[in-house]
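Student: Residue numbers (this note's numbering), protein chains in the order written: chain A, 227 to 471; chain B, 2 to 273.
Treat the hints as calculated values from the structure; they're not laboratory data.
It should be emphasised that the depicted structure is a prediction, and the values quoted were computed from it without experimental measurement.
Every residue, glycine too, gets a C-beta built ideally from N, C-alpha and C.
Keep in mind that a hint or two might mislead.
Unchecked claim - Derived contacts from chain B toward chain A, CB cut-off under 7 Å, selection only:
{"hint": "1", "residue": "Y100"}
{"hint": "2", "residue": "E101"}
{"hint": "3", "residue": "P105"}
{"hint": "4", "residue": "G107"}
{"hint": "5", "residue": "E140"}
{"hint": "6", "residue": "H144"}
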Amino acid sequence: MTFTIPIDNGDALKNAETDSQRTLYPYVTGTSIVAIKYKDGVLMASDMGGSYGSTLRYKNIERVKAIGKHSLLGASGEISDFQEILRYLDELVLNDNMWDDGNSLGPKEVHNYLTRVMYNRRNKFNPLWNTLVLGGVKNGQSYLGMVSMIGVSFEDNHVATGFGNHLARPILRDEWHADLSFEDGVKLLEKCMRVLLYRDRSAINKLQIAKITEEGVTVSQPYSLKTFWEFQAFHNPTAGAQGSW
Amino acid sequence: MFRNQYDTDVTTWSPTGRLFQVEYAMEAVKQGSAAIGLRSRSHVVLASVNKAQSELSSHQRKIFKVDDHIGVAIAGLTADGRVLSRYMRSESINHSFTYESPLPVGRLVVRLADKAQVCTQRSWKRPYGVGLLVGGLDESGAHLYYNCPSGNYFEYQAFAIGSRSQAAKTYLERRFESFNESSREDLIKDAILAIRETLQGETLKSSLCTVSVLGVDEPFHFLDQESIQKVIDTFEKVPEEEEDGGEAEAEAAAAPTEQGGAGDQDVAPMEM
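Construct the entire structure; sequences and hints are all you get.
Tutor: Shown next, in the form of structure tokens:
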């Protein structure tokens, strides 16, 4: 596999062949993921949309998946790259299970494995165009971390990707605290998702919340949030600036 | 030992279904100086006898740290042992780098065994002439494994390899059932006593043995000479004392050896 970086755009034609072998831009993308640690483990929320540029093309994409017994992976960005990552992890988990020796991959191991994969791809100028959120519980310890498409990786008590970073995290910084109950955690996530719904154009009103605890993973059925559009400002939007533009 | 027409090649079977070259390799393990391993639920102790080529030289290093949570003691061709230790370190650190997590011992041991097996099935290779006692920790607790030149591996509560290891094995066989619940200190004491068994009456001094420990919350490390000597002093202090439980049992266990050496009792009290 050859990978060359075009030095000037005049070579675009010549480099077309080699460029098609590496990721240049994403096509079908998922928007934000928001995740928090709570009393019994980790909660992760995402909507089910897959955008094709500005078109909200796919409305039934599951962007949060269980990995092994102990982890949950959520992804925003290119959906096909997410599916590729799921294939890698499938193989990893399969080999781990085949050992059948009482040892199993925990969320920390999966997170670090993904960090290595993302960073190595970035170094080859052929990234997997995703920001990944990895949450899990093992031996009573909750874990929540993130990896970006350039291999930046860290852990925190609450993480978000894409627009979530700008809209959800400020809410979480104010309102998150340790030992949230399940109900409070879900309420907090829904609050974040509602803001994203109003303000992120790629968000759709169909979301899933996934929960992981020592017992295992549960992914909720898709549901929608109640929204309110009867604000005065929406009734007469041009009140402040009459006339055609 | 055997002079055979089927023992030239490792890839030649004998008519009775044996690979003599592999068996000869296992003989090489028996020529090396003794190495001993024992484990409890939470700790593993590896000990070896320090043998030096001559008085002028230093002794061979037989115990290696593979990682904070894995150590290995070898017996046999130490050069082969060194190479395999390097392989183990490499596997361990690669796993740590990718997964930020210690490599489970059981998985390392299988890779080692598979590596040894390859040498039993290539005409241009020879089996490794070294036995390895691999001690380590993983999610399911402390483990001790023995890796054979044949490519087999077994898990043990306690084991001894190398020359005069039978004496140590006999000692360990009597005590092993209690090892799981042993304290760290008792485990170390038993290891040193087992080493003493292999010395055939030579006075046990801390300069003659190397002892290493690893456990939950205790990374692999060697005990210094002082600590070893202190443990030795607890049972070698009063040689004529019949009450010293450790001594007495050690006496009984050393069937093929003569206990005429300095400081040891002549009479074996409990079991004969």
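Student: Taking the hints in turn, state whether each one holds.
Tutor: Outcome of the hint check:
no., hint, result
1, Y100, "4 Å, holds"
2, E101, "4 Å, holds"
3, P105, "4 Å, holds"
4, G107, "5 Å, holds"
5, E140, "5 Å, holds"
6, H144, "10 Å, violated"
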